[in-house]
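Asker: Now for the letters of each chain:
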Amino acid sequence: MVLAPKTYDGRIWAIPQVVDMHLLYYRKSLLDDAGVEPPRSLEALVDAAKALTTEKVKGLFLGNDGGAGALGVTPLYAAGLTSVTEDGEVGFDDPAAARALGRLRQLYADKSLLLGAPSDWPDPSAFTQELTAMQWCGLWALPAVREALGDDFGVLALPAEGADGRPALPVGAYGAAVSARSDHEKEAKDFVKWLWIDKTEYQQDFALSYGFHIPARLSLVKQAAKLKEGPAADAVRYSTAYGYADPLLWTPASRTAYQDALSRIIKSGANPESELKSVVREVRAELDRARKKP
Amino acid sequence: MRRASEPGKVPMKAHGKPLGKALGKPLGKPLGTQNRTLWFWVFVGPFFLGLVLFTYVPLAWSVYLSFFDAHNTVSPTDFVGLDNYASMLRNEAFTDSLVTFAVFSAFIVPTTFVLSLALALMVNRVRRAQAFFRSVFFLPAACSYVVAALIWKLSIFNGVRFGLANTVLGWFGAEQIAWLSTTQPPWYWLVIVTVRLWLQAGFYMILFLAGLQRISPTLYEAAAVDGARPGWQVLRHITLPQLRATSVAVTLLLVINAFQAFDEFYALLSDSQGYPPYARPPLVYLYYTALGQEQNLGFGSAGAVILALIIAVVTVGQARWFGLGGKED
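Protein chains in written order, with the numbering used here: chain A, 8 to 301; chain B, 213 to 541.
Derived by calculation from the structure, the hints in this document are not laboratory data.
Among these hints, one or two may not hold up.
Stated by the list, open to error - From the derived model, a few chain A residues whose C-beta atoms are all more than 10 Å from chain B:
1. TRP20
2. ASP100
3. LEU121
4. ASP127
5. ASP171
6. LYS193
Said to hold, decoys possible - Label pairs and their in silico Cβ distance ranges:
7. A/GLY237 x B/LEU362: 55 to 63 Å
8. B/GLY262 x A/ASP100: 14 to 22 Å
9. A/ASP40 x B/TRP410: 54 to 62 Å
10. A/GLN136 x B/PHE384: 23 to 31 Å
Stated by the list, open to error - Partial selection, computed: residues in chain B whose CB lies under 8 Å from chain A:
11. ASP483
12. PRO489
13. TYR499
14. LEU503
Just so it is clear, CB atoms sit at the ideal spot from N, CA and C, and this is done for glycine as well.
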């Protein structure tokens with residue numbers, strides 16, 4: 008799956024090195040105190056966040072912008088849609104998209120969201136310092152969260168929206184590529200292959216000793232002790248079951264148009280249907296432009 | 213009265229003789245005849261070259277790019293004529309950014325003007341420790357915009373209960389506010405305007421102080437003799453008219469600075485995922501279009517050219533309106 012964004016016209020352009028992903032962290036003890044189950048649907052997430060919000064602790068942290076940046080297109084995938092389809096068409100021209108984004112507005116309107124935290128969502132501080140009961144963050148934060156909270160946390164994908172939806176989270180990988188203009192192209196290719204395909208013990212070491220990532224080779228994942236139990240094992244399972252990777256054709260112009268609309272929906276209560284309609288139009292134009300190129 | 217003696221014309225001559233002769237020998241003798249053209253270029257050349265290389269060439273290049281479809285390239289081949297301009301002017305994000313600028317100026321120009329004038333009037337009246345107060349109010353001008361913006365964002369106006377502003381609200385039992393994330397009402401303007409106000413009021417206070425100290429005390433004495441009441445009447449009829457030149461300069465500078473707004477907006481509102489669709493002044497918008505991930509240099513350049521034209525028109529219009537460049541009374 009992480010190979011897909013490295014592939015264009017049937018050719019692979021880079022070797023994935025390590026896999027990283029976003030995750031929804033939740034604090035087990037706080038959920039137990041409030042009598043809330045880990046949410047299995049977006050609707051349940053909205054209710055859970057509301058139930059978990061107290062004077063001192065907010066229910067959910069999706070980033071200081073209310074989720075437009077951190078979640079991005081993940082809610083579309085949770086509703087069973089895509090950003091751009093495999094044939095290069097707009098993947099969210101569907102009423103389910105508006106429903107999913109409407110849930111995010113509900114979270115904001117309920118005042119269940121933590122906003123204006125000193126450190127933004129990629130950092131687990133708001134979660135570990137008990138400013139929020141749940142937080143959208145990444146796999147990279149798992150060691151820090153475990154150190155601060157021990158076993159008092161669990162991880163989820165973004166829960167599904169509606170009957171056609173399924174949980175979703177973004178997965179991506181750094182890629183090793185070789186310059187085709189180099190005088191030493193062959194040596195470079197051999198080196199990259201040696202390091203990122205053959206030398207599995209180096210890959211294992213690189214992925215798990217200095218940060219916290221999933222090795223790109225699936226055979227290695229099965230061997231890694233650190234990935235076998237608890238939330239880390241859940242994360243690995245989610246990455247293959249629910250992960251999606253941004254399609255190549257989801258360009259910055261499309262992302263900006265979508266993100267702006269999402270921000271207006273969440274913060275200003277703009278109508279999701281009409282906002283999405285204009286995003287679909289813009290993305291279609293951008294896809295036409297991108298496809299026209301040689 | 214001045215006309216009669218024409219003091220400005222005299223100093224080049226001493227006792228009726230040209231200056232050089234008065235010193236006893238012609239100027240330039242010690243080094244022999246000099247190649248003035250050569251020396252002109254030696255001194256002016258490096259700066260002129262820098263100006264051409266780093267200002268005029270990029271400027272012209274930007275205009276050139278604005279007529280091309282230049283994604284990720286500065287040597288485009290795909291000529292599109294005025295398409296970039298047309299779509300930029302139709303682009304809601306761009307016109308919104310102009311509205312943002314207008315709103316921002318409408319807030320920041322009058323507030324800075326009034327605050328810095330008030331500070332100047334107060335400091336000017338202080339009899340003791342004037343230098344101390346002057347320095348204290350001027351000090352924020354030495355602070356970086358980015359540093360101040362981060363303090364405003366992370367400490368004073370953060371959204372959690374222990375932020376300074378929310379702590380104060382808490383004393384009165386009010387609900388905490390996520391200052392930078394709330395669009396209804398647009399609390400983010402409070403953060404943006406106050407940070408710039410704090411940073412620049414001291415600087416403009418110094419300009420006003422200089423203007424105030426040039427007003428002749430005799431005018432105030434004459435006004436007192438004529439029975440003008442100190443306070444509003446003197447301010448309205450003596451101080452403000454005498455400060456006209458300073459006021460015009462301050463207003464112009466404030467508007468131009470507002471046009472250039474970027475630092476504090478970017479530091480306050482951007483994150484790793486981008487920038488929210490509100491409070492996006494033109495430079496921030498163009499930064500994301502031309503230099504951010506999009507790298508749409510043709511489109512961005514078209515916006516930059518439009519913006520430059522607007523700034524030019526506004527500045528010239530303002531200067532005309534205020535009669536800048538004319539002689540002071």
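Asker: Take the hints in turn and mark each one as holding or not.
Answerer: Against the structure, the hints:
| no. | hint | in the structure |
| --- | --- | --- |
| 1 | TRP20 | holds, 17 Å |
| 2 | ASP100 | holds, 21 Å |
| 3 | LEU121 | violated, 7 Å |
| 4 | ASP127 | violated, 6 Å |
| 5 | ASP171 | holds, 27 Å |
| 6 | LYS193 | holds, 28 Å |
| 7 | A/GLY237 x B/LEU362: 55 to 63 Å | violated, 36 Å |
| 8 | B/GLY262 x A/ASP100: 14 to 22 Å | violated, 53 Å |
| 9 | A/ASP40 x B/TRP410: 54 to 62 Å | violated, 43 Å |
| 10 | A/GLN136 x B/PHE384: 23 to 31 Å | holds, 25 Å |
| 11 | ASP483 | holds, 6 Å |
| 12 | PRO489 | holds, 4 Å |
| 13 | TYR499 | violated, 12 Å |
| 14 | LEU503 | violated, 12 Å |
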